[in-house]
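**Q** Here's the letter readout for the chains.
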Amino acid sequence: MLSRKGRGDKSGDSQVSFAGEKFRFSDWFAERFIKTVAFMSIAFVALIFIFVFREAFPVFRMDVKQKIGSVDLVQEKYGEEEVTPATANPVSGSAIKVSKPSSTLLSNIWMPVSDNPRYGLIPLFFGTLKVTIIALLFAAPIAILAAIYTSMFAKPWIREIIKPAIELLAGFPSVVIGFFALMVLATVFQDIFGYASRLNSFVGGFAMSLAAIPVIYTITEDALTAVPKTYIEASLGLGASRRQTAFNVVLPAAVPGIFAAVILGLGRIFGETMIALMATGNAALTSINPFESVRTLSATIGAEMAEVVFGDTHYSVLFLIGSLLFIFTFALNAISEFYFKNLVIRKYQSKK
Amino acid sequence: MNRNRKDIIIESLTGISVLLIIFIIISILAITIKGGWPNLSWKFLIEFPKDGMTKGGIFPAIVGTALMTLIMTIAAVPFGVITAVYLAEYAKENSVFAKTIRFAVKTLAVVPSIIFGLFGLGFFIGFIGQNMDKIFNGGVLKWGQPSILWASLTMALLTLPVVIVSVEEAIRTIPVEMREASLALGATKWQTIRRVVLPGSLTGILTGTILAISRGAGEVAPILFTGAAYYLSDLPHSLSDQFMSLGYHIYIMSTQSSNVDATLPIQFATTLVLLLLTFSLNAIAVILRYRIRKKAK
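Sequences listed follow chains A and B, in order. First residue of the first sequence: 4, per my numbering; consecutive thereafter. First residue of the second sequence: -11, per my numbering; consecutive thereafter.
These are calculated hints, taken from the structure and not from any lab test. Mixed in with the good hints there might be a few duds.
[Claimed, not checked] In silico DMTMM-like links for lysine to aspartate or glutamate, alpha-carbon gap of 20 Å or less:
1) B:Lys80 x A:Glu34
2) A:Lys38 x B:Glu157
3) B:Lys94 x A:Glu340
4) A:Lys158 x B:Glu(-1)
5) B:Lys94 x A:Asp225
6) B:Lys282 x A:Glu163
7) A:Lys344 x B:Glu81
8) A:Lys166 x B:Glu157
9) B:Lys87 x A:Glu34
10) B:Lys282 x A:Glu170
11) A:Lys166 x B:Glu(-1)
12) B:Lys94 x A:Glu170
[Said to hold, decoys possible] To list a few chain A residues with every Cβ distance to chain B over 12 Å, as calculated:
13) Leu132
14) Pro231
15) Glu295
16) Leu346
Beta carbons are placed, not taken as given, at the ideal position from N, Cα and C, and that holds for glycine.
Same shape as in the complex, but just chain A (with noise of 0.2 Å):
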């Protein structure tokens, strides 16, 4: 009874694993070592969260008086005159009046320079979301189509030049499709719909788009390749034909996976900076037509944050959108990698 579980303990599971004899310092110390490491994963993470937030904290706290004194400090900053008398007499002389600055955050106005300054995050807001809609819009269709095609249309050898040919659309720098988009799109669509600003959300929207694509086609190339192939095969042995198995037994049953392609692409495209600043015009206006500009959450960040204080109310304010950012895109994986994979998973392993 002892040996055999003496036996049993030192054997135990050394087939493949080889759960060594003796102890080797070198073996201990490398898998002590990998996993501290692989551990850091975890830790940036987590040190992400605490230092965009720890820098966005403070707008809750600051109050009106703290205000005027940034505000004489951008002020002096522009030299401008009508403001000395402030200067003088910062507390009581301000003529203004200044609100607290988180209490602006609701409202309709972005003028984060000003003697009043307001930090109204709607318009930003809004503005993302016109320019997510107009990209999503062109993105998702003609990224789950190409991918139809990939995976059940195309011969063996289109689809070789097809995938990585899409692969390096995703290599593209966003500054590099953002500066197409200033050339060349804004011109182009500029003379197709006539509007008047050059820049706009829809100019905006359509190059994240191509930002987008890459990733929604890659994922849901994968969700349509992951459907059984005897569900096709019986499609078809039933008389069916290949855009009606394609379209009535493989997509639905992908279902789970190209709504997690679309939210990873929604991802992309609500925190891509680069193209938002160079091709929406950034000017927070909160208007429908699609040819207004608009001046998303990222761009403000990016435009913004190099002229800005240390530690002022509006650095603060722009870690706030960054944490906002952050919570939303934190949102978004968790939801497709949590929710849709268990789907995913939980469809094909009660069938097969």
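Position chain B against the provided structure of chain A, taking the given hints into account.
**A** Same frame as chain A, but now just chain B:
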């Protein structure tokens, strides 16, 4: 008959989507080449910008991008390879720890690049850099400001998932029999990893490195406020210097330059250089990855 026609229409619609994507790829390439090629010369690559950046070349931007990606690679690749080894060799499929690491890596991959910039500013510059100044420099500002080191480390964090994913994929293509043979000969697990697994996945490590370099060279948002400079008259000499980068150069020349039209040839040529760089790196990576996958089958 009716069904056939519907089949043809819908099938060609899917084909048209593919053609549209290919058309856009080709037009981006064609327009950039058409606009940039005439201005691309040897001199353009090895000269400093002149006359308020309206003339001259992009030498400092090329060197800056190269140095930044070099430091980034030194930081990201060892980290990524070790994490991939853990995920492929040590982690048990269902352990909570391994699942959390996977989720963290995926999160790093989808977090918008501008957030990395904010993190670099808040953590590397604001926290680590400023405290380094307090402790080692007696409060003199040296590390607590944007620099090539902080930009590279920020970028390393962004490219970490790229390395992890391709290395793990490559490690998983190594047959179990090879590991078993090594273990049966008396090698320990660590010896097996060092002598069998890692040499066998060299192609994968190379692919991951190339993809990371291509991503890092093209990204602009993370370095906007962690180290990229508008114009420098000299190359960076130390890790605490700022640097010029190709992507940032395109961005400022096309949006903030005082005379956008006059510098148009420079902008196109710079874009062409960046596009050729990332395009060829990606093409190499695609070929390498294709080979790994073929070997696995």
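**Q** Each hint: holds or not?
**A** These are the hints, each one checked on the structure:
1. B:Lys80 x A:Glu34: Judged against 20 Å, a Cα distance of about 13 Å means the pair holds.
2. A:Lys38 x B:Glu157: holds, 19 Å
3. B:Lys94 x A:Glu340: Judged against 20 Å, a Cα distance of about 9 Å means the pair holds.
4. A:Lys158 x B:Glu(-1): Roughly 13 Å separates the two Cα atoms, so the pair holds.
5. B:Lys94 x A:Asp225: holds, 17 Å
6. B:Lys282 x A:Glu163: holds, 12 Å
7. A:Lys344 x B:Glu81: Holds, at roughly 16 Å.
8. A:Lys166 x B:Glu157: Answer holds: Lys166 (chain A) to Glu157 (chain B) is near 18 Å, not above 20 Å.
9. B:Lys87 x A:Glu34: Judged against 20 Å, a Cα distance of about 18 Å means the pair holds.
10. B:Lys282 x A:Glu170: holds, 17 Å
11. A:Lys166 x B:Glu(-1): Measuring from Cα to Cα gives roughly 18 Å; hence the hint holds.
12. B:Lys94 x A:Glu170: Holds, at roughly 19 Å.
13. Leu132: holds, 15 Å
14. Pro231: About 19 Å separates Pro231 (chain A) from the closest Cβ of chain B, which puts it past 12 Å; holds.
15. Glu295: For Glu295 (chain A), whose nearest Cβ neighbour in chain B is about 19 Å away, the distance exceeds 12 Å, so it holds.
16. Leu346: holds, 17 Å
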